[in-house]
Structure formats: C-alpha cells, structure tokens
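*Asks:* The primary structure of each chain is shown beneath.
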Amino acid sequence: RKEVEQDPGPFNVPEGATVAFNCTYSNSASQSFFWYRQDCRKEPKLLMSVYSSGNEDGRFTAQLNRASQYISLLIRDSKLSDSATYLCVVNPVTGGFKTIFGAGTRLFVKA
Amino acid sequence: EAQVTQNPRYLITVTGKKLTVTCSQNMNHEYMSWYRQDPGLGLRQIYYSMNVEVTDKGDVPEGYKVSRKEKRNFPLILESPSPNQTSLYFCASSVGGFADQPQHFGDGTRLSIL
Numbered sequence: 001r002k003e004v005e006q007d008p009g010p011f012n013v014p015e016g017a018t019v020a021f022n023c024t025y026s027n028s029a030s031q032s033f034f035w036y037r038q039d040c041r042k043e044p045k046l047l048m049s050v051y052s053s054g055n056e057d058g059r060f061t062a063q064l065n066r067a068s069q070y071i072s073l074l075i076r077d078s079k080l081s082d083s084a085t086y087l088c089v090v091n092p093v094t095g096g097f098k099t100i101f102g103a104g105t106r107l108f109v110k111a
Numbered sequence: 001e002a003q004v005t006q007n008p009r010y011l012i013t014v015t016g017k018k019l020t021v022t023c024s025q026n027m028n029h030e031y032m033s034w035y036r037q038d039p040g041l042g043l044r045q046i047y048y049s050m051n052v053e054v055t056d057k058g059d060v061p062e063g064y065k066v067s068r069k070e071k072r073n074f075p076l077i078l079e080s081p082s083p084n085q086t087s088l089y090f091c092a093s094s095v096g097g098f099a100d101q102p103q104h105f106g107d108g109t110r111l112s113i114l
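These protein sequence lines are chains A and B, in that order. So in our numbering the end of the first sequence lands on 111, straight run, no missing numbers. So in our numbering the end of the second sequence lands on 114, straight run, no missing numbers.
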C-alpha cells in the first residue's frame, strides 16, 4: 500500500460546481498535512495547510480525519482557473523528516 | 524577492557524464529537499537536509548525491547519469529544520539523459 494515495481522476466538472478530493495516508503518526496545486508541470504551490479542526480559505475547505486517516479538499463554485493538479502532502515525522506527496488529482473545470 | 533558484532549467546530456544541478534559496531556510517527478508517480523525494552538513535519504536516493556546505545552497549531483534518471527535478525549501512547514519550490529542471 502506498503511504499516500489519491484518486488520480481526472475530475471533469462544470463551472460553479462543488468538487471534493480525498487523500488517504498510511502512517497514523503523521503530523503535518498540506494541499498543493500544480499547473501543467510547473512547480507545486502551496494551496493550504490542513489543521486538525479543519480550515477554510475562500472557496476552499480542508479537513483532516485522523480516525480514518485521510484529508480532504473541497472546492466550491469552481472556476475555470481552478483547473490544475492537486497534490496532497503528508509529513510522516517518524523515521526522519521525509515529505511524502500523493500522485495528484487532475481537475478540469469546463465552461 | 523570496525565491528558490535552480540551474540549469533544461539539460540534455549523455549517459555517464557527471552533472550537477544547483539549488539556492534566499529565505534563510533550514530545510531543503530534492524531488523528481515522473508521470503517474507524482513527486518523490530524493534527499533532504535539515541544516548545514545534515542530510538524509528520501525514498529514491540511488544514483544521486547531495551536499549542504552552506545554508543557502543544496546541489544535486549525478555522478554517472543513466537514462532512468531522465525526469523533472524540483528543489524546495522551508523554514525550520523539520518537514512540518510548507515548502517553497524552484521552477524545476528538466533533465534528459541519452
């Protein structure tokens, strides 16, 4: 089983739709979680950190479910400009200070 | 401007010819890391460094070397490149010596090993 798994998609949604992605992780001791956005093989850019209590930034909401070991990203009122690959990131903490990326979920928002 | 700078951006070379990809950050970050990205596999960590002279292996370190003699620089060395090291490489840095902070990425280096 991969340490971090994401549904690769692609997700094809119309403008204005709400879309949600999940990311599961295998190391229950993981402490830090992030969502990054990557456009067409450019560098990943931080979208948001994921906090235990959940957090929101405009149209984006991130949640952490420790019991089931997954994080989620919800995008409301999708825009064409949201089309990108969304990467979840987990820092296992134990066994060093590695960073584990999911393989990414591709989102296409169409007019 | 706060940034992570990688050079070169693109390189085509031949098997066995040693090469170095440089990475420099101007944010005084302790943590630096190298990743490779391949289709369908996402980003995989090659090496990381928690501070000067402190480095450790990521998930795919074979065939690579790194050094961290100065805080700002973290070069990636391919002593004897092979075609399976053809990939898109990213350098990243973050504040603190752990991996618990968001990382800032360089623009990437496209390496082709023939």
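Because the hints were derived from the structure by calculation, they are not lab data. Heads up, some of the hints might be wrong.
Claimed, not checked - The calculated SDA-like cross-link candidates involving lysine to any residue, where the alpha carbons are at most 20 Å apart (straight line), are:
{"id": "1", "chain 1": "A", "residue 1": "K2", "chain 2": "B", "residue 2": "P39"}
{"id": "2", "chain 1": "A", "residue 1": "K45", "chain 2": "B", "residue 2": "G108"}
{"id": "3", "chain 1": "A", "residue 1": "K98", "chain 2": "B", "residue 2": "D59"}
Only a predicted model underlies this, so the values are computations on that prediction, with no experimental measurement involved.
*Asks:* Work down the list of hints and note, for each, if the structure agrees.
*Replies:* Here is how each hint holds up against the structure:
1. K2/A x P39/B: Cα-Cα ~16 Å, so holds.
2. K45/A x G108/B: Judged against 20 Å, a Cα distance of about 12 Å means the pair holds.
3. K98/A x D59/B: 8 Å, holds
Hint compliance for this structure: no hint is broken.
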